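Whenever a hint applies, use it, and build me the whole structure from the sequences.
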Amino acid sequence: MIGTFHYNLKHLLELVNKEVSGLDQQVPAVAMRNITKTFNSGAVVANKDVSINVFRGEILALLGENGSGKTTLMNMLSGIYFPDDGQIFVDGKEVVIRSPKDALDLGIGMIHQHFKLVDVLTATENIILGLKEEGKLDLKKAAQRVKDICDQYGFELDPYQKVYNMSVSQKQTVEIIKVLYRKADILILDEPTAVLTPQETNSLFNVLRNMKADGKAVIIITHKLNEVKEISDYVDVLRHGEFIGSLKTSESTTQEMTNMMVGRQVSLNIDRPDPVGQDPRLKIKDLTVRSEDGVLKLDHVSFEALGGEVLGIAGISGSGQKELLEAIAGLQVTEEGSIMYVNEDGAEEELLNQDPNKIRRKGITLSFVPEDRLGMGLVGNMDLADNMMLRSFRAGKSPFTDRKAPRKLAEQVVDELEVVTPGISTAVRRLSGGNVQKVLVGREIAETPRVLMTAYAVRGLDINSSYTIYNLINEQKKKGVAVIYVGEDLDVLIELADRIVVLCDGKLSGILDARKTDKNEVGLYMTSLHGEGGEENE
Amino acid sequence: MFDIVSFFPRAVVQSVPLLCGSTGETITEKSGNLNLGIPGIMYVGAISGVIGAFFYEQSLKAADKPINTFLGILIPMVCCLIGSLVMGLIYSFLTVSLRANQNVTGLALTTFGVGFGNFFGGSLIKLTGSEVPSIALSATHGCFVHKLPFAKNLGWFGRMFLNYGFLVYISVIIAFVAAYILRHTRHGLNLRAVGENPATADAAGINVGRYKYFATCIGSMIAGLGGLFYIMDYASGVWSNEGFGDRGWLAIALVIFTIWRPNIGVFASILFGALYILYLYIPTGANQAIKEFYKMIPYVVTIIVLVATSMRKKKENQPPESLGIPYFREER
Numbered sequence: 000m001i002g003t004f005h006y007n008l009k010h011l012l013e014l015v016n017k018e019v020s021g022l023d024q025q026v027p028a029v030a031m032r033n034i035t036k037t038f039n040s041g042a043v044v045a046n047k048d049v050s051i052n053v054f055r056g057e058i059l060a061l062l063g064e065n066g067s068g069k070t071t072l073m074n075m076l077s078g079i080y081f082p083d084d085g086q087i088f089v090d091g092k093e094v095v096i097r098s099p100k101d102a103l104d105l106g107i108g109m110i111h112q113h114f115k116l117v118d119v120l121t122a123t124e125n126i127i128l129g130l131k132e133e134g135k136l137d138l139k140k141a142a143q144r145v146k147d148i149c150d151q152y153g154f155e156l157d158p159y160q161k162v163y164n165m166s167v168s169q170k171q172t173v174e175i176i177k178v179l180y181r182k183a184d185i186l187i188l189d190e191p192t193a194v195l196t197p198q199e200t201n202s203l204f205n206v207l208r209n210m211k212a213d214g215k216a217v218i219i220i221t222h223k224l225n226e227v228k229e230i231s232d233y234v235d236v237l238r239h240g241e242f243i244g245s246l247k248t249s250e251s252t253t254q255e256m257t258n259m260m261v262g263r264q265v266s267l268n269i270d271r272p273d274p275v276g277q278d279p280r281l282k283i284k285d286l287t288v289r290s291e292d293g294v295l296k297l298d299h300v301s302f303e304a305l306g307g308e309v310l311g312i313a314g315i316s317g318s319g320q321k322e323l324l325e326a327i328a329g330l331q332v333t334e335e336g337s338i339m340y341v342n343e344d345g346a347e348e349e350l351l352n353q354d355p356n357k358i359r360r361k362g363i364t365l366s367f368v369p370e371d372r373l374g375m376g377l378v379g380n381m382d383l384a385d386n387m388m389l390r391s392f393r394a395g396k397s398p399f400t401d402r403k404a405p406r407k408l409a410e411q412v413v414d415e416l417e418v419v420t421p422g423i424s425t426a427v428r429r430l431s432g433g434n435v436q437k438v439l440v441g442r443e444i445a446e447t448p449r450v451l452m453t454a455y456a457v458r459g460l461d462i463n464s465s466y467t468i469y470n471l472i473n474e475q476k477k478k479g480v481a482v483i484y485v486g487e488d489l490d491v492l493i494e495l496a497d498r499i500v501v502l503c504d505g506k507l508s509g510i511l512d513a514r515k516t517d518k519n520e521v522g523l524y525m526t527s528l529h530g531e532g533g534e535e536n537e
Numbered sequence: 000m001f002d003i004v005s006f007f008p009r010a011v012v013q014s015v016p017l018l019c020g021s022t023g024e025t026i027t028e029k030s031g032n033l034n035l036g037i038p039g040i041m042y043v044g045a046i047s048g049v050i051g052a053f054f055y056e057q058s059l060k061a062a063d064k065p066i067n068t069f070l071g072i073l074i075p076m077v078c079c080l081i082g083s084l085v086m087g088l089i090y091s092f093l094t095v096s097l098r099a100n101q102n103v104t105g106l107a108l109t110t111f112g113v114g115f116g117n118f119f120g121g122s123l124i125k126l127t128g129s130e131v132p133s134i135a136l137s138a139t140h141g142c143f144v145h146k147l148p149f150a151k152n153l154g155w156f157g158r159m160f161l162n163y164g165f166l167v168y169i170s171v172i173i174a175f176v177a178a179y180i181l182r183h184t185r186h187g188l189n190l191r192a193v194g195e196n197p198a199t200a201d202a203a204g205i206n207v208g209r210y211k212y213f214a215t216c217i218g219s220m221i222a223g224l225g226g227l228f229y230i231m232d233y234a235s236g237v238w239s240n241e242g243f244g245d246r247g248w249l250a251i252a253l254v255i256f257t258i259w260r261p262n263i264g265v266f267a268s269i270l271f272g273a274l275y276i277l278y279l280y281i282p283t284g285a286n287q288a289i290k291e292f293y294k295m296i297p298y299v300v301t302i303i304v305l306v307a308t309s310m311r312k313k314k315e316n317q318p319p320e321s322l323g324i325p326y327f328r329e330e331r
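One line per chain: the protein sequences are A and B, in this order. Per numbering that gives the first Met the number 0, numbering of the first sequence is gapless, rising by one per residue and ending at 537. Per numbering that gives the first Met the number 0, numbering of the second sequence is gapless, rising by one per residue and ending at 331.
If you are wondering where the hints come from, they were derived from the structure by calculation, not from laboratory data. One or more of the hints may lead you astray.
As the list claims (entries may be wrong) - Calculated pairs, DSS-like style, for lysine-lysine (alpha carbon to alpha carbon, straight line, at most 30 Å):
(1) Lys161(A) / Lys312(B)
(2) Lys182(A) / Lys146(A)
(3) Lys477(A) / Lys357(A)
(4) Lys139(A) / Lys314(B)
(5) Lys161(A) / Lys228(A)
(6) Lys170(A) / Lys312(B)
(7) Lys139(A) / Lys161(A)
(8) Lys313(B) / Lys170(A)
(9) Lys312(B) / Lys139(A)
(10) Lys131(A) / Lys115(A)
(11) Lys506(A) / Lys284(A)
(12) Lys161(A) / Lys314(B)
(13) Lys140(A) / Lys313(B)
(14) Lys313(B) / Lys161(A)
(15) Lys314(B) / Lys131(A)
(16) Lys518(A) / Lys478(A)
(17) Lys312(B) / Lys115(A)
(18) Lys282(A) / Lys135(A)
(19) Lys313(B) / Lys115(A)
(20) Lys312(B) / Lys506(A)
(21) Lys247(A) / Lys223(A)
(22) Lys182(A) / Lys170(A)
(23) Lys506(A) / Lys313(B)
(24) Lys170(A) / Lys211(A)
(25) Lys515(A) / Lys357(A)
(26) Lys314(B) / Lys146(A)
(27) Lys314(B) / Lys115(A)
(28) Lys146(A) / Lys313(B)
(29) Lys314(B) / Lys140(A)
(30) Lys135(A) / Lys313(B)
(31) Lys247(A) / Lys282(A)
(32) Lys135(A) / Lys314(B)
(33) Lys170(A) / Lys314(B)
(34) Lys211(A) / Lys139(A)
(35) Lys284(A) / Lys518(A)
(36) Lys139(A) / Lys313(B)
(37) Lys161(A) / Lys92(A)
(38) Lys477(A) / Lys518(A)
Computed from a predicted model, the values in this text were never measured in an experiment.
Listed below in C-alpha cells is the structure:
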C-alpha cells in the first residue's frame, strides 16, 4: 500500500516538474512497462509486472535484496535477457532490445559487476575493442578521446596503462569510459561500489554527479542504503521480483527504504554484546611480510587478539589485510616477527612456519571472501556438500571419505543461513554471490574455531544476509572465540567490533576503541600513520 | 671456423618450414585455439601439393609438352592450400562448433595427417611403379626454385640473401604481415581479445566463433605452405614417406620460443634451422649419439626460453589466457 502511494506521489511530482521546467522533462529517457521475465520455462519468476521510469538528469537507485530481480531487470534493458512480456520505451518510442549492441545503439550502456576486460591490453585498446569504426586503427586518436572523456567527467586514468596493472577502481573506470566512448547517455551500474574503498566510492559519486549534470540518465543498482541516500534522486524498490514502490530520496528515511526492501520492520542497529573472557589468543609481534616482487606488505605490525572479542581490522584495500590473515593461517611467507598462539592450557606456541593444516586443527580458521568471491575457499564446480568436505576429507582413518557428515553440514548451513539453492548437490558457481558467501562463512564457523578470521564476509551481500552474518559473528564472540573481522564498511566496523586495528600502507597506524571512536578518526588513521597527517595539513 | 656464407643459406632453407608452421600456429593460438595438429597439417599440405603436381606432370608426360612455370606453381600451391584448409576446417568444426577438447583433436589430426600423407605418398609411388620408395617431381621443383638471375653475381651478399626460391621470401613476408596485423590493426586487436578473454570479446560485439574459424584456417594454410616448401624446394621435389620428420613439432616449439610474435619468428626460425643442421658442420666422428645430442639443441633452447618467460612472469610474454579452453557463451 505504502508503495503505491509513493508511486502515485512520484507521478504527481512529475506532473509538477512538467509544469515547472517545460517539455523536455516529461518524457522518461527509459520507461519499462509491465515487464515480466521467467526462467526455466516459467518455474522461476525473476520479474513480475515491473514498471519503472528513468529521467534524464536524474540518478535512480534500484534497491532490493539479493535475488530480488534488480540485475535481471537491468539485463533486459542492456540486451542480455529478453523480456517474456511487457514493453520498453526509450524517449517515448517503443523499442525492442535483443542484444547488448541494440542497447548501445539506443544509448544504453551497462557496467556489470564482473568486469569484462582483457588483461594484457591497455585501457584504450579495451575501450575501442569491437568497435567498427572506419579507417585505420588509430590508437593515439582513441587515447585522446579517452582523455577527453576523463577530463569531461573527472575520471583519472592513464589511457596507455595495461589492465593487469590496474586496481579494481581503475578497471571500473575503464568499464564506464567504455560505455561513454560508445556515446551511451543512459548508464546502468550494477553494484558499482561493492569493490571500492570509501575514497574511491566518493570519486565515483562525483563522476556520477557530473554525468547527471550533463543530462545523462543514471541507474545504480545497490543495496547500500547510505549510498542511496547520498547519490540518488529517486529510489525504486524491488522485492521478490516485484515492484514495491518509488520514493523520492530527499523525502524518505533509510528505515523506510529498508522496510520496503525487506517487507517487514528491520532493526538497523548492529548488536554488540560485551566481550567475554578477553584472554589473549594470538600475540603478534613485529610481523613483516614482503611480496614476491619485494614490496613491503606488512611492516613490523604488533597486536593481540583476545578471546570473546571482535577485533576489527580497517585499512584502505591492499594495506596488508590479506597478508596479515594469511600469515596467521600459515599461507604466507613472512620475513620477520612472531605469531604466538595461546592454546586452551595457556601455553604459547609459535605459528610461523607451521603447516597450514596443523594451524587449522588448533582451531584457527580463515574465511576470506576475495573480490571475485569464488577465488579462495570454494570450488565452483563442486556442489555444496563436496565443498563442505574440503575441510573434512582428511578426517578419519578409513581410506574412504566420510560423505555423510558434510552432507549434513551442508543441509544445516543451507537451513540456518537461508541459502537459496535448488539443493545441496548444486554446483556452488550456480548460486548467486550472496549465497556463495553464506556457504563459505557457514562452513568456517561450523568448525567451532578458537580464532575466527573473516575478511569481507558481507561483501556484496544485501542487508538481510549481512545481519545474518553479523549475528553469526556475535554468537561466536559470545562463545569466547577470538574473532578477527576485516571489513570495508567503516560504519559496520565501528558498530560491530570491540577494538579496531588500523593499517596504513602495511604499518600499524593505531588500535582504537570502537566504542569511543568515529568514522572520521578511523579514516584519518587509515590514510596517515597515527592519524598525524590531518594535523600536519592544518 | 666453418664457412658462414655456405652455412647460412642452408640454415635459411631449413628454417622456412619452421617459420610457416610457427606463423600459422601463432595466428591460430592468438584466437585461443591450441592446434597441435600443425605437424599433420603440414604433412597434408605437402602431400596435397605433391598429388597436384604429380598428376599435372603425368598429363604433361602424356601430351609430351614442357612444363608451364605458372601452372607448375599454381596447381601444387592451390592443392596444398585446399588440403590444409580442409584440415583447419575439421579442427575448427570439432573444437569451436562442437567444443571438443583441443589437445585430443589436435593430436588426432597430426596422427591422421601423417597417415594420410604416407597413404597417398605410398599410392603414388605404386602408380609410378618405381623401384625407390619416393616420387621425384623434378619439373615442378624447377618451377619452385626459379631464382634471381643476378643473385650469384653479387658476391657473398647475393649468395646469403638473394639466392632462394620465392617461397622463402613469401614466408618471411607473411610473418611480418602477420605481426603487423596482430599488433596494429583492428582485426588483430579483436583477434587477440578473442584469444585472451572470449567472453569479453563477445560482449564487445566480436563474433568469437568466426574469428576462431578464420584464424585457425588461415593459420593452417600458412603452415601447409611450409610442407609444400619442404618438398618442392628443400627436398628437390622428392617425396618420401616420413621424410618431413619432426619439423611440425619444432614449429610449435618455435611459437613458444618467439613468445607469440611472428616477426621474431623470422630470426628465431633461422636460429632453429641453424641448430637443426649444426651437427652436419661440427665433426662428430662415427659416434651417432653425439649427433643426436646436437639435434636436441632447439628443444633445449625452447625449454630454457619457457623457463625464462615463466620466471619473469611478464604478462605480455605469456600464452593467450584462454588458450586451449573452448568458449561457450552460456557458461558461467
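These are the hints, each one checked on the structure:
| no. | hint | in the structure |
| --- | --- | --- |
| 1 | Lys161(A) / Lys312(B) | holds, 15 Å |
| 2 | Lys182(A) / Lys146(A) | holds, 15 Å |
| 3 | Lys477(A) / Lys357(A) | holds, 25 Å |
| 4 | Lys139(A) / Lys314(B) | holds, 23 Å |
| 5 | Lys161(A) / Lys228(A) | violated, 35 Å |
| 6 | Lys170(A) / Lys312(B) | holds, 21 Å |
| 7 | Lys139(A) / Lys161(A) | holds, 15 Å |
| 8 | Lys313(B) / Lys170(A) | holds, 19 Å |
| 9 | Lys312(B) / Lys139(A) | holds, 28 Å |
| 10 | Lys131(A) / Lys115(A) | holds, 19 Å |
| 11 | Lys506(A) / Lys284(A) | holds, 12 Å |
| 12 | Lys161(A) / Lys314(B) | holds, 10 Å |
| 13 | Lys140(A) / Lys313(B) | holds, 27 Å |
| 14 | Lys313(B) / Lys161(A) | holds, 12 Å |
| 15 | Lys314(B) / Lys131(A) | holds, 27 Å |
| 16 | Lys518(A) / Lys478(A) | holds, 28 Å |
| 17 | Lys312(B) / Lys115(A) | holds, 22 Å |
| 18 | Lys282(A) / Lys135(A) | violated, 62 Å |
| 19 | Lys313(B) / Lys115(A) | holds, 21 Å |
| 20 | Lys312(B) / Lys506(A) | holds, 28 Å |
| 21 | Lys247(A) / Lys223(A) | holds, 16 Å |
| 22 | Lys182(A) / Lys170(A) | holds, 19 Å |
| 23 | Lys506(A) / Lys313(B) | holds, 29 Å |
| 24 | Lys170(A) / Lys211(A) | holds, 22 Å |
| 25 | Lys515(A) / Lys357(A) | violated, 38 Å |
| 26 | Lys314(B) / Lys146(A) | holds, 25 Å |
| 27 | Lys314(B) / Lys115(A) | holds, 18 Å |
| 28 | Lys146(A) / Lys313(B) | holds, 27 Å |
| 29 | Lys314(B) / Lys140(A) | holds, 25 Å |
| 30 | Lys135(A) / Lys313(B) | holds, 29 Å |
| 31 | Lys247(A) / Lys282(A) | violated, 50 Å |
| 32 | Lys135(A) / Lys314(B) | holds, 27 Å |
| 33 | Lys170(A) / Lys314(B) | holds, 17 Å |
| 34 | Lys211(A) / Lys139(A) | holds, 29 Å |
| 35 | Lys284(A) / Lys518(A) | holds, 27 Å |
| 36 | Lys139(A) / Lys313(B) | holds, 24 Å |
| 37 | Lys161(A) / Lys92(A) | violated, 40 Å |
| 38 | Lys477(A) / Lys518(A) | holds, 25 Å |
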